[in-house]
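Protein sequence lines, in the order shown, are assigned to chains U and G. FYI, in my numbering the residues of the first sequence are 1 to 73. FYI, in my numbering the residues of the second sequence are 1 to 544.
Hints listed in this document are in silico derivations from the structure and should not be mistaken for laboratory results. It cannot be assumed that every hint is accurate.
No farther apart than 27 Å at their CA atoms in a straight line, the calculated lysine-lysine pairs in the BS3-like style are these [said to hold, decoys possible]:
id, chain 1, residue 1, chain 2, residue 2
1, G, K527, G, K283
2, G, K283, U, K2
3, U, K2, G, K284
4, G, K443, G, K460
5, G, K460, G, K527
6, G, K460, G, K284
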Amino acid sequence: MKPVDHVIAEQLRIAPERVRDELAFSEIPEWDSLGHVNLMVALEAEYGVSIDEDAMLELTSVRAIRAFVERPR
Amino acid sequence: MTSAPVPAAAIDREDGRSLRSGVVHHARIAPDAPALHVGDRMLSYGDLDARARTWAAAIVDALGRPAERVGVLGHRTEVAYVGALAALYAGAAFVPLNPTFPVERTRHMLAAADLDAVIVDDACLAQLAEILGEAPRPAVIVLPASDAGPALAGARRVITRGELAHQAALAALPPLAADDIAYLLFTSGSTGTPKGVPVSHGNAMAFLDVVAERYAIRPADRFSQTFDQTFDLSVFDLFLPWSAGASVYALRPIDLLAPARFVARHELTVWFSVPSVPALMRKKGFLRPDLMPSLRWSLFCGEPLPRETAEQWQAAAPSSVVENLYGPTELTIACFAYRWSAASGAACHNGVVPIGRPFPGLTAAVIGDDDALASPGEPGELWVSGPQTVPGYWRNPATTSARFVIRPDLAHATKRFYRTGDRVQRTASGDYVYLGRVDNQVKVLGFRVELGDVEAALRKAPGVVEAVAVAWPVEPGGAAQGLVAFLTGAGVDPEVVLTIARAQLPDYMVPRELRIVGELPLNSNGKIDRRALLDSLAQPPAAR
Chain U
1 MKPVDHVIAE
11 QLRIAPERVR
21 DELAFSEIPE
31 WDSLGHVNLM
41 VALEAEYGVS
51 IDEDAMLELT
61 SVRAIRAFVE
71 RPR
Chain G
1 MTSAPVPAAA
11 IDREDGRSLR
21 SGVVHHARIA
31 PDAPALHVGD
41 RMLSYGDLDA
51 RARTWAAAIV
61 DALGRPAERV
71 GVLGHRTEVA
81 YVGALAALYA
91 GAAFVPLNPT
101 FPVERTRHML
111 AAADLDAVIV
121 DDACLAQLAE
131 ILGEAPRPAV
141 IVLPASDAGP
151 ALAGARRVIT
161 RGELAHQAAL
171 AALPPLAADD
181 IAYLLFTSGS
191 TGTPKGVPVS
201 HGNAMAFLDV
211 VAERYAIRPA
221 DRFSQTFDQT
231 FDLSVFDLFL
241 PWSAGASVYA
251 LRPIDLLAPA
261 RFVARHELTV
271 WFSVPSVPAL
281 MRKKGFLRPD
291 LMPSLRWSLF
301 CGEPLPRETA
311 EQWQAAAPSS
321 VVENLYGPTE
331 LTIACFAYRW
341 SAASGAACHN
351 GVVPIGRPFP
361 GLTAAVIGDD
371 DALASPGEPG
381 ELWVSGPQTV
391 PGYWRNPATT
401 SARFVIRPDL
411 AHATKRFYRT
421 GDRVQRTASG
431 DYVYLGRVDN
441 QVKVLGFRVE
451 LGDVEAALRK
461 APGVVEAVAV
471 AWPVEPGGAA
481 QGLVAFLTGA
491 GVDPEVVLTI
501 ARAQLPDYMV
511 PRELRIVGEL
521 PLNSNGKIDR
531 RALLDSLAQP
541 PAAR
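Chain G on its own, in the form it takes in the complex:
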């Protein structure tokens, strides 16, 4: 590697500084450089730019103005990737819609986002009419890979592949400002109704500047694309490499079964995924030393990173630096990072790698149960303020004012903090460790119980792979009478598990009941769905 690192996310002298400006810039200076690989197809920066300009032109022409929000219905396909970029080229925020989600959920997101247009992959045509229903918006439907669309209700303008072939590309892109929304994502809210999170170009560029420098991204880098586009970590996968003129390799679902093979075949240099991907490799014994010599960065985010996973991945990718990242969507992709080293084992808490320290420019505060700053070493809720803190929830002032707060006693009076709902602890070394969700802290018979502590104790029993504890039964006032734990793993003996738990935990923390299950339910973001576990307990025994 002889080329000089690019110090920050690229800007384009004509297009300025926004999430799209990396592609605009590199299409101008290196149009033939590879930007995106999907299956056997490669799109250069010139190809990406030309397609996005054409699709955007069709939308702007049909609307008679720049768009505000454009949905993209597709899953890990060329249309889905280019569609997000085309939305930005049309002056809009992109709103990813996932065809593998239940139709009802997508319909809710589509209505809540109040879209001007939607770009649809041909694999999703059958679902399209069902999703759109009788709603008048969006009025513009773009089908870049189809010559005919389904019969759609209302006076919609449907633009097919044939029409796009004759469409003139946008010469001048609608300008974008730092406060404009770059993307609008929906997170699974605790009430079951997805909450919209609008992320501005200013938020996204603040993030890209930090990571472009931290990882010294160069045009020669080859990135994995593992995250679904409805998950904000996919913005890292796509727009960080595109900001630096590097290339992206999209993994199909089947490639995620053998990621080391994919890395080796394409000589990837940057890997980024949830820790579940290496966990599956471990389960089958496929995570072996020296499998991925090409990697220079191995990054994990989205859920706690178990120590053994970090150790085994480090051995499998010995030339890479392993990092554990942390960040909710409301703080723009990631805002903490911990660099793994040979000495990191001692820094792990409950067998989980620390989340490290906040990115430069961010202010982090740990707020204790008394609503004041926690003393060093004391656990509390993590609050974060800075340029990555998003403006609030989409058209939801009540939840926004509850979660985004100004606290002049903590920082400068204009700083807005996002209350993450995550419990953390700052250790003597200055690194933060993740303890669990604030709402995973429950009171059992009046005692405060950290469910993560119970789960860590249960995981020490032989055969236990995963352990999740929930408070149950719960009285109407919220007081829990005990705990129930769900375990996965082969050959788990409940008696042995309970003996080991009793040896480590006070009585009130020992689960009253253990349930051995084949697997744990996951929510749409791939995280363990505690609500579904509670629902399963709430059902009468006959229905189980």
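Next up, chain U with everything else stripped away, as it sits in the complex:
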């Protein structure tokens, strides 16, 4: 499995060093609604998780995504 930072950087097409905990949806042009949906689809594929509408609306920061992916299952 790829580290979550890599998946985020890859999907948003930004340099990995720009992926910091505070980075959030709509804060940079690359993380727009299209980028967000692509990111959610990629997280599902990479980590075998299911992201419903509620989760999609909550996973709007790197910190929230990290916590979601790294939580014990």
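Following the hints, position chain G against chain U.
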């Protein structure tokens, strides 16, 4: 719904007939009625009118005269919405400026618009000094949500929130005439330099009259506000409901991720967005039946509407009528509409919903390659004339005379046509279908190729979500040697795509190269940026 439909956009007996007159009128007859919801805040018609009158008064006092053009720098906030109205109250055209655009682009727009004043949201203060630079204009800066502004160059008059609190409202608004400019927008020109499009009050009211009647808008209606204000479709979102005493619900960027939820929570009755919004819902499987029972109109505009999107949205909003609208900024918001029905699938062309028929009062002509009227069923460029045709481009007579033309052989000698640059075809039913941009028609090895046909063939391959073809490589004289296609989608097998393309297309239309990409670049209007794709091909391989 028992109240009688309002037949046309409201006029006010004292303020007359302009884009602002709906708010002026409803503030007088129903001041407590809700006009605008932004986040948790609601502004009534009385609130909107009072704020706009005060901000406008500050501008008129500072200038010593009515304003001509007022910029509004803000993004989906109360200041951005009220600012546009305040500009109209000051007798000016509003010029929306988007803080999410590159600073260089905004600076160009600001200089080209030659503004008297700019109204600035507090979230944009840091950007303001950078945008204004050393330019002497605009001389008046209004900061309705801030008590202090940044240090600004020049002898500018800065009006803060504290000063506005003591400002007397304008009792009599500067008069507006049908020929006065209501708003000035900048579209992304093919040269990369944005072109200004001034739209008159007469243009805007002609549009509002048609849609107010077509959709029988009533005060009980609740509208979505999805479009950025730099996009003219936002004028529909705001000023159509305000012309009829209805209310507007602004979506924050995050709300656009779950639009069905927003519609259900606020019991919206009118939805209007680009088709990309439901396309994203489809991608995640979130566009399900019966999600939005409150909607009575579901309207889409700004890009081709795929058939599957129309079908699935119709199922999700079963009580609504789904329509596909079409219109460039130069023809004032929208000028064609197609009403979706259960039988519409057969009318789709290349999997895309038709754009329907021109609005009443407009003359549409399809001009073939020989510069004459195309025969029915033959494709050609769409030309449109009528009260929604704008006066021309802003301070750009050369481009104006190239795109706005009088053709006595097509219509009455005084009618000015706007050449849309869009290729359409009028079908036997009388509906028009959109085929692509005129410049998307290319010649490959001497053969005329409609890129939309190639793209439609590629989209039939398994896994392909989007397909965009460009002519490449192109010789200096403009002759293309072949095509390159960019595809998005999961698990796309290039060999399978090419096999499917070869089965449908002649050899010269089959792309020489396929590039599978994560997503396609979009321009500032949210449309696919073909120029950026061509630029990516023009770079040497090492730079890719």
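We went through each hint and held it up to the structure:
1. K527/G <-> K283/G: OK: K527/G and K283/G at ~18 Å, within 27 Å.
2. K283/G <-> K2/U: 23 Å, holds
3. K2/U <-> K284/G: 22 Å, holds
4. K443/G <-> K460/G: Satisfied, since the Cα-Cα distance of roughly 23 Å is no more than 27 Å.
5. K460/G <-> K527/G: 21 Å, holds
6. K460/G <-> K284/G: 20 Å, holds
Of the numbered hints given earlier, the model fails none.
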